[in-house]
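For this one, chain L is given, so just place chain S on it according to the hints.
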Amino acid sequence: MSIADKVIEIITREQHFEPGVVKPESTFAELGIDSLDGVNILFALEQEFKIDIPDSVAQNMRSVSQVVDALTRVMEGKDVSDLVAMAKGENSAPSS
Amino acid sequence: MVPGVRRVVITGLGVFASTGKDVESFFSSLINARSGVRRITQWDPSSLTIQIAAEVPDYLPTDYFPPKRLDLLDRFTQFGLLAARQAMESSGIEVAEEEKPRFGVVMGSGMGGAETFDRGYFNLYARNETRLHPFTIPKIMHNAVTSQICMEYGAQGPSMAISTACSSAGHAIGEAFHLIKFGIADVMLAGGSDAPITYGMIRSWESVRVLAPGDGDPSRACRPFSADREGMVMGEGAGVFLLEEFEHARRRGAKVYAEVAGFGMSSDASHITQPSVIGPARAIRMSLEEAAVNPDQVDYINAHGTGTRLNDAIETQVIKEVFKNHARRVAISSTKSMHGHAMGATGAIELAGTVMALERGVIPPTANYTKPDPECDLDYVPNQAREKPVRVAISNSFAFGGLNAVLLVRRLE
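Protein sequence lines, in the order shown, are assigned to chains L and S.
Residue numbers for the first sequence follow the working numbering, beginning at 1 and rising by one.
Residue numbers for the second sequence follow the working numbering, beginning at 1001 and rising by one.
Isolated chain L, as found in the complex (with noise of 0.2 Å):
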């Protein structure tokens, strides 16, 4: 199974929706996944996939893509310093 794959079916465990619901091109925003869920999917994918997403890296997912852009870049070991750039622009981590 493709990590993209992978992505769309714990999404749509943990948001507990239908299948076909999550498609490559989907928003979290379309999604309705809002900072709760999104801490929680990230559990998710963190546990399934045995690794760390550095809380920079993780504040850039908003997208299905964007998910599995970062993952295999972590995975990989590749450089993430521009998503950890781009992250420390805003600030959306779920407030207190």
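Keep in mind the hints are simulated off the structure, nothing from the lab.
Worth double-checking, as some hints may not be accurate.
Said to hold, decoys possible - Pairs of lysine-lysine, DSS-like flavour, derived with a Cα cap of 27 Å:
#: 1; chain 1: S; residue 1: K1371; chain 2: S; residue 2: K1320
#: 2; chain 1: S; residue 1: K1068; chain 2: L; residue 2: K50
#: 3; chain 1: L; residue 1: K6; chain 2: S; residue 2: K1068
#: 4; chain 1: L; residue 1: K23; chain 2: S; residue 2: K1068
Same frame as chain L, but now just chain S:
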């Protein structure tokens, strides 16, 4: 009635407990002296010294909540929501949009999301996992149940959680009563919920040595005021009331179950577990004074009555101290003998029994009473419900930590 003083009435109630998942079945269990105490079924209790509790039986969360919603609800929040739904439904109220800023929620909980805590820490310490689920905090916080009820009904007014161990629900209902009485809110949902039957929690309580062993027949384990009492039994569940300003209720033609007329609270300031006489006595007197009721007008006392050696003897002294000669005439019962000690929910569950006693003119008994104790020599309505008109009743909650809450309810004449 004093002009200009706002009165507060109960126009809806809900109970979710070991002895019944709605008010009718709950009260029917109480007046038939049916206990909800049994061997623990949520997990295997074989390795524990104490293997019994008053569990909500045959409870399947998915019967009541969709999966997405359940992800964020600890068991104690589920119970609170279910009791709140009953309270709303029985009241028939529809809170208009413009009234919602004066509609609030106050819920008591002693333990918060105990099950979520237990599972999370098991993963962390026993299974050496390095992270906890991100919903841990929103599930364990004591105010989770308050906030979830607010969200379900759009209650935007003064809302909070209260945690005073075994008195949590008493304080919560009392605070909600005062918020309405003193003009801060018009409609409040108030009560308590707890789901403390976890391995870690039972182990913790075991070590305090106040739990009844329940060898033989678990349903007879809790025997408040009886000479052979051996301790308390852990319970779980929730009770919630819809409190409403009297004129507000009258305008919409609401059925009134009872008036909340007095609330007394005090702190023993003496010992972290051992109750005093003077603290609880002050709380009872305060409730009587607020309601302008004489001690001899009280028909029924729903006792704290945990079933421990110490509590029941001291509570008896407290009642004698406040009620003097009337102490021998007033009917007293501990329904914990049946629904166990539901911690932060217990005061609300017991007030539900008290309000139904007013409503039906039947006093629920102290179940499992076998023989008189010289230190507990009052009328505890042993084993059999008693038909008797009840006009005024109090419900006692005396917590670990010495924080006392007493609610006084009366029939609206």
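Okay, the hints, checked on the actual structure:
1. S:K1371 with S:K1320: 20 Å, holds
2. S:K1068 with L:K50: It holds: about 24 Å lies between the C-alpha atoms, which stays within 27 Å.
3. L:K6 with S:K1068: 20 Å, holds
4. L:K23 with S:K1068: 20 Å, holds
Taken one by one, the earlier hints all hold for this structure without exception.
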